[in-house]
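Q: Chain R is already provided as a structure; the job is to place chain B on it using the hints.
What follows is the residue order along each chain.
2 protein chains.
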Amino acid sequence: MQRKVMFIILDGVGDRPCTELNGLTPLQKADLPSFDFLATRGMIGRQYPIAPGIPPGSDTAHLSMFGYDISTEYPGRGYFEALGWDIEVEEGCVVFRANLGTVERRGHRLFVKDRRAGRISGKDAESVASAIAEMDLMEGEVRAIFRHTLEHRGILILKGPDLGPEVSDVDPHEEGYPVLEPRPLTASPKAKKTALALKEFVLRSHEILKDLEVNRERTRSDLLPANIVLPRGAASKLPLPSFKEKWGFEAAAIAAGPLYRGIAKSMGMKLLEVEGATGLPTSNFKGKIERGLSALESEFDFVFIHIKAPDVASHMKNPKLKVEVLERIDDALEPLLDLPEEYLLLLTGDHTTPCSLGKHSGDPVPLMISGKGIPEDDAGRFDELRCIRGGLGTVLGKDLMRLVLNYSNRALEYGLRPTSMELPYIPKADQLIPLHIN
Amino acid sequence: MQRKVMFIILDGVGDRPCTELNGLTPLQKADLPSFDFLATRGMIGRQYPIAPGIPPGSDTAHLSMFGYDISTEYPGRGYFEALGWDIEVEEGCVVFRANLGTVERRGHRLFVKDRRAGRISGKDAESVASAIAEMDLMEGEVRAIFRHTLEHRGILILKGPDLGPEVSDVDPHEEGYPVLEPRPLTASPKAKKTALALKEFVLRSHEILKDLEVNRERTRSDLLPANIVLPRGAASKLPLPSFKEKWGFEAAAIAAGPLYRGIAKSMGMKLLEVEGATGLPTSNFKGKIERGLSALESEFDFVFIHIKAPDVASHMKNPKLKVEVLERIDDALEPLLDLPEEYLLLLTGDHTTPCSLGKHSGDPVPLMISGKGIPEDDAGRFDELRCIRGGLGTVLGKDLMRLVLNYSNRALEYGLRPTSMELPYIPKADQLIPLHIN
Numbered sequence: 009m010q011r012k013v014m015f016i017i018l019d020g021v022g023d024r025p026c027t028e029l030n031g032l033t034p035l036q037k038a039d040l041p042s043f044d045f046l047a048t049r050g051m052i053g054r055q056y057p058i059a060p061g062i063p064p065g066s067d068t069a070h071l072s073m074f075g076y077d078i079s080t081e082y083p084g085r086g087y088f089e090a091l092g093w094d095i096e097v098e099e100g101c102v103v104f105r106a107n108l109g110t111v112e113r114r115g116h117r118l119f120v121k122d123r124r125a126g127r128i129s130g131k132d133a134e135s136v137a138s139a140i141a142e143m144d145l146m147e148g149e150v151r152a153i154f155r156h157t158l159e160h161r162g163i164l165i166l167k168g169p170d171l172g173p174e175v176s177d178v179d180p181h182e183e184g185y186p187v188l189e190p191r192p193l194t195a196s197p198k199a200k201k202t203a204l205a206l207k208e209f210v211l212r213s214h215e216i217l218k219d220l221e222v223n224r225e226r227t228r229s230d231l232l233p234a235n236i237v238l239p240r241g242a243a244s245k246l247p248l249p250s251f252k253e254k255w256g257f258e259a260a261a262i263a264a265g266p267l268y269r270g271i272a273k274s275m276g277m278k279l280l281e282v283e284g285a286t287g288l289p290t291s292n293f294k295g296k297i298e299r300g301l302s303a304l305e306s307e308f309d310f311v312f313i314h315i316k317a318p319d320v321a322s323h324m325k326n327p328k329l330k331v332e333v334l335e336r337i338d339d340a341l342e343p344l345l346d347l348p349e350e351y352l353l354l355l356t357g358d359h360t361t362p363c364s365l366g367k368h369s370g371d372p373v374p375l376m377i378s379g380k381g382i383p384e385d386d387a388g389r390f391d392e393l394r395c396i397r398g399g400l401g402t403v404l405g406k407d408l409m410r411l412v413l414n415y416s417n418r419a420l421e422y423g424l425r426p427t428s429m430e431l432p433y434i435p436k437a438d439q440l441i442p443l444h445i446n
Numbered sequence: 009m010q011r012k013v014m015f016i017i018l019d020g021v022g023d024r025p026c027t028e029l030n031g032l033t034p035l036q037k038a039d040l041p042s043f044d045f046l047a048t049r050g051m052i053g054r055q056y057p058i059a060p061g062i063p064p065g066s067d068t069a070h071l072s073m074f075g076y077d078i079s080t081e082y083p084g085r086g087y088f089e090a091l092g093w094d095i096e097v098e099e100g101c102v103v104f105r106a107n108l109g110t111v112e113r114r115g116h117r118l119f120v121k122d123r124r125a126g127r128i129s130g131k132d133a134e135s136v137a138s139a140i141a142e143m144d145l146m147e148g149e150v151r152a153i154f155r156h157t158l159e160h161r162g163i164l165i166l167k168g169p170d171l172g173p174e175v176s177d178v179d180p181h182e183e184g185y186p187v188l189e190p191r192p193l194t195a196s197p198k199a200k201k202t203a204l205a206l207k208e209f210v211l212r213s214h215e216i217l218k219d220l221e222v223n224r225e226r227t228r229s230d231l232l233p234a235n236i237v238l239p240r241g242a243a244s245k246l247p248l249p250s251f252k253e254k255w256g257f258e259a260a261a262i263a264a265g266p267l268y269r270g271i272a273k274s275m276g277m278k279l280l281e282v283e284g285a286t287g288l289p290t291s292n293f294k295g296k297i298e299r300g301l302s303a304l305e306s307e308f309d310f311v312f313i314h315i316k317a318p319d320v321a322s323h324m325k326n327p328k329l330k331v332e333v334l335e336r337i338d339d340a341l342e343p344l345l346d347l348p349e350e351y352l353l354l355l356t357g358d359h360t361t362p363c364s365l366g367k368h369s370g371d372p373v374p375l376m377i378s379g380k381g382i383p384e385d386d387a388g389r390f391d392e393l394r395c396i397r398g399g400l401g402t403v404l405g406k407d408l409m410r411l412v413l414n415y416s417n418r419a420l421e422y423g424l425r426p427t428s429m430e431l432p433y434i435p436k437a438d439q440l441i442p443l444h445i446n
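Protein sequences, first through last, are from chains R and B.
In this note's numbering, each residue's number is its place in the first sequence (first place is 1) plus 8.
In this note's numbering, each residue's number is its place in the second sequence (first place is 1) plus 8.
Check each hint, because a few of them may be wrong.
Since copy identity is lost for identical chains, a pair holds within one copy or between any two.
Stated by the list, open to error - In silico EDC-like pairs for lysine to aspartate or glutamate, Cα to Cα no more than 20 Å straight-line:
| # | residue 1 | residue 2 |
| --- | --- | --- |
| 1 | Lys-121 | Glu-159 |
| 2 | Lys-273 | Asp-94 |
| 3 | Lys-294 | Glu-283 |
Hints in this document: simulated from the structure, not taken from any laboratory.
These numbers come from a predicted model, not from an experiment.
For reference, chain R alone in the conformation it holds in the complex (with noise of 0.2 Å):
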């Protein structure tokens, strides 16, 4: 019997000692009996999305456990971002991940002094928004578009002639260093274009949101100000293999934040929809996951669902925040503890945050794979400690569409067709025709 799966993410789900905890992390202080429960019922162990040591960002990790080679298969986290709210990414185009952010001018330079100002959410963000939303650069030749999209979140569009996405980020990725010049990361004309032109964009966008009454207002009332915007993950259009052709589901995907939308949109999978899913703590969480298990009853046999909210406590650095999470995550997991034979739970994050550090780490991130009849390990709860002893062992963020296929049992055997030795072995359906008989 093939099994139908559910692949929950929890996005930054591992973490580090916390001293707020009394040296346990989140998931060892949380009281999780569905997790517990689940992790009986199968095997818990660990993953590298990248390699060891390496903190994925959330697109490549999420691409790699879904089983692209992200040195080949990567068009860059703009992209994803654009697809995520439905704006096309024409060729020939460069897009970026942004944020508004918050600086402040210190002699020629500029300091990030929050990367996600205050996080800045609603109508602000939206007046923000709305004053830098198009704009002409270079005389004309390149047209800048600004999109508001989730809390301090927007995408940069580039539109222009001789336009390329190899240039460096504007964003230093971190709180207290300063605003990066864009570089041109080949000798082509076309990055060196690209480069000029983003740094006109964000110098030009200061400018004009520094002194913008929205901003000012916030700072009376004691607001970060959203005075910059900080490009990320330049990218051009690259289309991917879909998700079926690969490993051969029909997939949906469930999330709210718009970068998990547009990976599932890049690989093909099935947006659904669930009121109050906003990729905040506050999430419909219980939502989500019915609305996964209503999919796989009808035409979906795989289902992916994104959960944000870890990661976002991890970044505000507050271990008791995410602890109330996991129990709320926890509480949304019962209907799952129950289910039939046909059902294969993999549960995982994409990256380990810990609360210490307020960022992605290249630690393991705890992972589970449950279901009735998968074999049985006896290492106890989903803890980081509990899954280095798990029976999954350490594998990496590729290894997992493999274990799902050969867990749900639609592995076929290596080397069954001469000439597609490579991975995965997913017979097309033109691959498979009957022999006919007169």
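A: Only chain B this time, still in chain R's reference frame:
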């Protein structure tokens, strides 16, 4: 002191929990005092013959465990089968592994009812095979030769000008599926011609077999008729570097199944015969182990012993038979319990074959390296659960021979020879020229 090595493959030894065994695996259920003792005098662990989650084919698994690179050193399954039966594969021939199977016609398709025709054997199998032993195809341009080997197994050779191995399998590898049309896997005229010849052979042999007297008789006796030949694993001649050249051992092999005999021969191992060794659950396990020991006492320092029976029980979905087989193998291992320090034992499988699936899976395979003076772990007995915690950890098939060299005290330090940084580090005779003094 360099140790001599006994390398025992228990085909399909690993398993998943079996409901017939109250949720235990056959290794957990069986009473295995010899295994248990050997496990305490060394280390246990697990290995993925190919990679995590990939169900290995028997041939690719063995090649990988013997340190061959299956991406470049894999001629196709049929090559090993033919070698195993002393059938010379001439340059330009295409050779297939081919089961006698049972199909049912529905409309213009043939559906596979049993891929092994009820494990047909003996006189029945001989009669069936002799009816299709030789055939002219493609108006006399291609000659087909079918040779029966063991039980339901045989090999098919296509001889003639302009043939090549790039054709897909006729065997769908799953019961209930239609027999497949062989397709050329490249655009070459050779592939196209071979696919046409193969199709003609399959159709004509079905015509002959469906009305054969022995099959009518089998149907009357409620036995499945062998009314089709299901070829797979197209191959052509590909000489491999010898095992001695790769690893420096004088190696012998003890195996009954033609595939394993062929693999041994392809690596230049000397085949040793044992009376009553059949590849069946009733095979003479004791004789094989004793013959292996006597080989190591004479001119060989490496012996590969292949025991097929656990896999046969698993393919029959019979966990109780697997338990019996394992207990009989355990008896046969008794002479190994008190070997002196100059012996090293490696014991593993070529894949896990869960009885619940009845076919190979991509689960890890239990592994043991044992011998006097070998570092010991405290993981306990040799089963799927204990092996998770074993001192060998979880390794890949391609790591095994390096571990063998290491624990047999034969491994050379990495980088010793500036120009031979690749593995293995076996100095070739012509690299060791004594300095000549006048």
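Q: Now look at each hint and say whether the structure bears it out.
A: Cross-check of the supplied hints:
For the identical chains of this complex, Lys-121 and Glu-159 are intra-copy neighbours only, at 17 Å inside a copy versus 59 Å across copies, given an alpha-carbon limit of 20 Å. Taking the shortest alpha-carbon separations for Lys-273 and Asp-94, only the intra-copy value of 9 Å comes in at or below 20 Å, while the best inter-copy value is 54 Å. For a Cα distance limit of 20 Å, the shortest separation of Lys-294 from Glu-283 inside one copy, 11 Å, qualifies, whereas the shortest one across copies, 65 Å, does not.
No hint from the list above goes unmet by this structure.
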